[in-house]
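Got chain B sorted already, so can you dock chain G onto it with the hints?
Protein chains: 2
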Amino acid sequence: MHRSGVSRSPSIAKAILFAAVVWLAGPWLFAAPALAGEPGGHSDPIAPIALTLAVILVAAKLGGDLAARIGQPAVLGELVVGVVLGNLGLFGYTGFEPVKSDVFIDMLAGLGVLLLLFEVGLESTVGEMLRVGLSSFLVATLGVAAPFALGWAVGAWLLPGASVFVHAFLGATLCATSVGITARVLQDLGRSRSDEARIILGAAVVDDVFGLVILSVVSGVIVAADLGSTLSYGAVGMIVVKATVFLVGALALGAWLSPRLFRLASKLRARGVLLGIGLAFCFVLSWLANAVHLAPIVGAFAAGLILEEPHVRDFVERGEPGLAELVAPITAFLAPVFFVVMGMRTDLRAFAQPGVPVLAAALTVVAIAGKQACSAGVVGRGIDRLSVGIGMIPRGEVGLIFANIGLGLRIGGRPIVDAATYSAIVAMVIVTTMVTPPALKWSLSRSRSRTVDGR
Amino acid sequence: MHRSGVSRSPSIAKAILFAAVVWLAGPWLFAAPALAGEPGGHSDPIAPIALTLAVILVAAKLGGDLAARIGQPAVLGELVVGVVLGNLGLFGYTGFEPVKSDVFIDMLAGLGVLLLLFEVGLESTVGEMLRVGLSSFLVATLGVAAPFALGWAVGAWLLPGASVFVHAFLGATLCATSVGITARVLQDLGRSRSDEARIILGAAVVDDVFGLVILSVVSGVIVAADLGSTLSYGAVGMIVVKATVFLVGALALGAWLSPRLFRLASKLRARGVLLGIGLAFCFVLSWLANAVHLAPIVGAFAAGLILEEPHVRDFVERGEPGLAELVAPITAFLAPVFFVVMGMRTDLRAFAQPGVPVLAAALTVVAIAGKQACSAGVVGRGIDRLSVGIGMIPRGEVGLIFANIGLGLRIGGRPIVDAATYSAIVAMVIVTTMVTPPALKWSLSRSRSRTVDGR
Numbered sequence: 001m002h003r004s005g006v007s008r009s010p011s012i013a014k015a016i017l018f019a020a021v022v023w024l025a026g027p028w029l030f031a032a033p034a035l036a037g038e039p040g041g042h043s044d045p046i047a048p049i050a051l052t053l054a055v056i057l058v059a060a061k062l063g064g065d066l067a068a069r070i071g072q073p074a075v076l077g078e079l080v081v082g083v084v085l086g087n088l089g090l091f092g093y094t095g096f097e098p099v100k101s102d103v104f105i106d107m108l109a110g111l112g113v114l115l116l117l118f119e120v121g122l123e124s125t126v127g128e129m130l131r132v133g134l135s136s137f138l139v140a141t142l143g144v145a146a147p148f149a150l151g152w153a154v155g156a157w158l159l160p161g162a163s164v165f166v167h168a169f170l171g172a173t174l175c176a177t178s179v180g181i182t183a184r185v186l187q188d189l190g191r192s193r194s195d196e197a198r199i200i201l202g203a204a205v206v207d208d209v210f211g212l213v214i215l216s217v218v219s220g221v222i223v224a225a226d227l228g229s230t231l232s233y234g235a236v237g238m239i240v241v242k243a244t245v246f247l248v249g250a251l252a253l254g255a256w257l258s259p260r261l262f263r264l265a266s267k268l269r270a271r272g273v274l275l276g277i278g279l280a281f282c283f284v285l286s287w288l289a290n291a292v293h294l295a296p297i298v299g300a301f302a303a304g305l306i307l308e309e310p311h312v313r314d315f316v317e318r319g320e321p322g323l324a325e326l327v328a329p330i331t332a333f334l335a336p337v338f339f340v341v342m343g344m345r346t347d348l349r350a351f352a353q354p355g356v357p358v359l360a361a362a363l364t365v366v367a368i369a370g371k372q373a374c375s376a377g378v379v380g381r382g383i384d385r386l387s388v389g390i391g392m393i394p395r396g397e398v399g400l401i402f403a404n405i406g407l408g409l410r411i412g413g414r415p416i417v418d419a420a421t422y423s424a425i426v427a428m429v430i431v432t433t434m435v436t437p438p439a440l441k442w443s444l445s446r447s448r449s450r451t452v453d454g455r
Numbered sequence: 001m002h003r004s005g006v007s008r009s010p011s012i013a014k015a016i017l018f019a020a021v022v023w024l025a026g027p028w029l030f031a032a033p034a035l036a037g038e039p040g041g042h043s044d045p046i047a048p049i050a051l052t053l054a055v056i057l058v059a060a061k062l063g064g065d066l067a068a069r070i071g072q073p074a075v076l077g078e079l080v081v082g083v084v085l086g087n088l089g090l091f092g093y094t095g096f097e098p099v100k101s102d103v104f105i106d107m108l109a110g111l112g113v114l115l116l117l118f119e120v121g122l123e124s125t126v127g128e129m130l131r132v133g134l135s136s137f138l139v140a141t142l143g144v145a146a147p148f149a150l151g152w153a154v155g156a157w158l159l160p161g162a163s164v165f166v167h168a169f170l171g172a173t174l175c176a177t178s179v180g181i182t183a184r185v186l187q188d189l190g191r192s193r194s195d196e197a198r199i200i201l202g203a204a205v206v207d208d209v210f211g212l213v214i215l216s217v218v219s220g221v222i223v224a225a226d227l228g229s230t231l232s233y234g235a236v237g238m239i240v241v242k243a244t245v246f247l248v249g250a251l252a253l254g255a256w257l258s259p260r261l262f263r264l265a266s267k268l269r270a271r272g273v274l275l276g277i278g279l280a281f282c283f284v285l286s287w288l289a290n291a292v293h294l295a296p297i298v299g300a301f302a303a304g305l306i307l308e309e310p311h312v313r314d315f316v317e318r319g320e321p322g323l324a325e326l327v328a329p330i331t332a333f334l335a336p337v338f339f340v341v342m343g344m345r346t347d348l349r350a351f352a353q354p355g356v357p358v359l360a361a362a363l364t365v366v367a368i369a370g371k372q373a374c375s376a377g378v379v380g381r382g383i384d385r386l387s388v389g390i391g392m393i394p395r396g397e398v399g400l401i402f403a404n405i406g407l408g409l410r411i412g413g414r415p416i417v418d419a420a421t422y423s424a425i426v427a428m429v430i431v432t433t434m435v436t437p438p439a440l441k442w443s444l445s446r447s448r449s450r451t452v453d454g455r
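Residue numbers (my numbering), protein chains in the order written: chain B, 1 to 455; chain G, 1 to 455.
Treat the hints with care, as some may be off.
What the hints assert, rightly or not - Straight line, CA to CA, 20 Å or less: simulated SDA-like cross-link-like pairs of lysine to any residue:
hint, chain 1, residue 1, chain 2, residue 2
1, G, Lys-242, G, Ala-291
2, G, Lys-267, B, Ile-70
3, G, Lys-242, G, Ser-229
4, B, Lys-267, G, Ile-70
5, G, Lys-100, G, Met-434
6, G, Lys-267, B, Ala-68
As the list claims (entries may be wrong) - Quick partial rundown of chain G residues pointing at chain B, CB under 8 Å, derived from the structure:
hint, residue
7, Ala-47
8, Leu-51
9, Lys-61
10, Arg-69
11, Ala-74
12, Leu-114
13, Arg-269
14, Val-273
15, Gly-276
16, Ala-280
17, Trp-287
18, Ala-295
19, Leu-348
20, Arg-349
21, Phe-351
By construction, these hints were calculated from the structure, which means they are not laboratory data.
Source: prediction; values computed, not measured.
Every residue, glycine too, gets a C-beta built ideally from N, C-alpha and C.
For reference, chain B alone in the conformation it holds in the complex (with noise of 0.2 Å):
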């Protein structure tokens, strides 16, 4: 046991000392000097992304670390470390920069998720949604409608002088979930398998539907307005269309495809091939989902829920790993750069716009009490409804899509979303993911210990 060289005991300083390394290393790192002008040799360009990635990949688990010392979800320490590298800029330092923008992280960024929820998805089948599918449903529609009216309020209050559109997309914005931190927060305290869980991730995928209707029909009135035409009801009504048939049917057709693929696929000789399968399913699913406008996340997630363990039982009785055990580590690699660049992108000067605070204060109050209203929406006994509550707060990237079709959208040559409304429905989203990690890891403690003897 020679292990005199390092000391055992105080490991914070230490993990202080990393960091402090990395961070002086890092300008030295991102701004190496070019050496394409040497001559001949490799220049790989995957070397920058690999060098980036051992940055995100230590920052997330120097966070994660962090938020576990004082008792947190470690998907918050990721999101922390992510803000405060993503706003070095405050203080002169800009290295991280080009990582914001970078579209190779951000694909990386965006398998990631897509992975999580797939294994998310794994860990329920469809016949354990849809035993919780009413309360999904309620819970949705409860989330939808009453953000949606709180937004719409908040706007007509705090700005009289813009037209009814503006209110009404704002109220648009606060409706959507970003279904990604309440899973990862859930998978992090070892929940993803309560029913709490299956009632939030349904709800999800219900209010993925509703938030699409919605801006579907928000923006489309607002194009007709400006051009002075009027809304084609039939457009919609065949997005709607699409959505509904892809999840009925995916879930549907997919049930019983599932098997059969997995029993023809088990017959295959070669490695890899339950992996292999596995995720090209999650793939195709999650491109269809996309096919019809909804987010990829939800086919992956829908994936998962297809996927049952007896559908994979001819790989595993011949000894091979189940298929979440195989994602597991694609997850555990991919999801922190999604949340370290998801936090990374968050601007904190959204906060010091003139005129936002108030704004901002006001948007953030009502899309937390607003999603309070799902509570409302759980049938049943024994649910944690305060947990289901806290669950859908986050409003993550998908508050920013919104905002951002937003910017794009104008009526009468004024954009509907201006920058100051920006700021504040950026501020918004910064705090309703923040604060959903730690709400939620409160929330469902209290309930565990008190019902700890009634299960």
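Using the frame of chain B, we list chain G on its own:
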């Protein structure tokens, strides 16, 4: 046992049917109508990447299955299925053409081969490599010298009208070994921990340094001759010094740093720390390798060598899986992308260019024969020399990188590598890459059956 719906026998027919469905679905999937015109909704850039990955994964598993059925390593099937998909353009189907130049897929393929070499590196230690170090060095030296001389001779013989620079450049393109193919074949056959594997992989590292030097010198001489100046030996010397310092430094400093780094990391209270920090270590060394003009995979392989089981004992002792086990599913996902895409990029039309076949055949013969000189470099008993020579054959993407540099070099206004010579090099790369998996499988099984008592 309700398996009545699906017959359990002739599955080849089904696999073909499945492939046919994928093929027929291809045009529709890849040429899916642009949906951007419809109102509202998400349109996530991850969706087309997900679909492409799904097609590649299914193709890889079908190819791997076919290879296994004829007793070949899976990687041969992945290459062949890639060649088939990539050359469907010859039959008028161009749906896969965009995949060949997709930068995202290229990046994932690059990550895949990086992680493959990291994983293979994890299976050996620095000490085990040094034990065969003399053999590796001699194998690399002979494996560079012989093909260089033979390639030059072929150039002088078949291209008598071209300048001596062209002949030298042809020799240079024959030097480098593409170790990805061999590493994968050794992994497919479960022989990554054999002495033959270590000699080949060590030789490939040394080979990369030699190849770097030769390419630098040859292209430096050509550029200098074209400009009427002389080669800067100082610049070439610096390249050699940097590469050597990196390799020696990485192995020495890394071996010192790695146990300390991972003992520190084991104190981080977050999930997935071992994988996260392990991957970061691999990525940093890959980046450093590239910074000194070596291939990133050399850095990834070095990272794998440096990381040894005792370093991560703290993780494994508390019941976490080992690093190799965690990396394996990520490699299983991404490495096939590399090999299928490598197959897709091989343009079979290279064989049909006028004037090419003779040069292509001569280059291929000397490329294969030249590397057989490697056998003479093996020191020690009980090692299958033929397998070492065969393992060094594939030129893969490294040969293509050389050829591409040649396309860009000019002497007296004429490119060093013209279109016909380029096609001949491509043909040589295809043949050396394709011939290695079956040849290595044959030679290793032959040597194993011969020495089964002696070991």
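Hint check:
no., hint, result
1, G:Lys-242 <-> G:Ala-291, "9 Å, holds"
2, G:Lys-267 <-> B:Ile-70, "15 Å, holds"
3, G:Lys-242 <-> G:Ser-229, "24 Å, violated"
4, B:Lys-267 <-> G:Ile-70, "15 Å, holds"
5, G:Lys-100 <-> G:Met-434, "19 Å, holds"
6, G:Lys-267 <-> B:Ala-68, "12 Å, holds"
7, Ala-47, "4 Å, holds"
8, Leu-51, "4 Å, holds"
9, Lys-61, "5 Å, holds"
10, Arg-69, "6 Å, holds"
11, Ala-74, "5 Å, holds"
12, Leu-114, "6 Å, holds"
13, Arg-269, "4 Å, holds"
14, Val-273, "5 Å, holds"
15, Gly-276, "4 Å, holds"
16, Ala-280, "4 Å, holds"
17, Trp-287, "4 Å, holds"
18, Ala-295, "5 Å, holds"
19, Leu-348, "24 Å, violated"
20, Arg-349, "26 Å, violated"
21, Phe-351, "27 Å, violated"
Checked against the numbered hints given earlier, the structure breaks hints 3, 19, 20 and 21 and satisfies all the rest.
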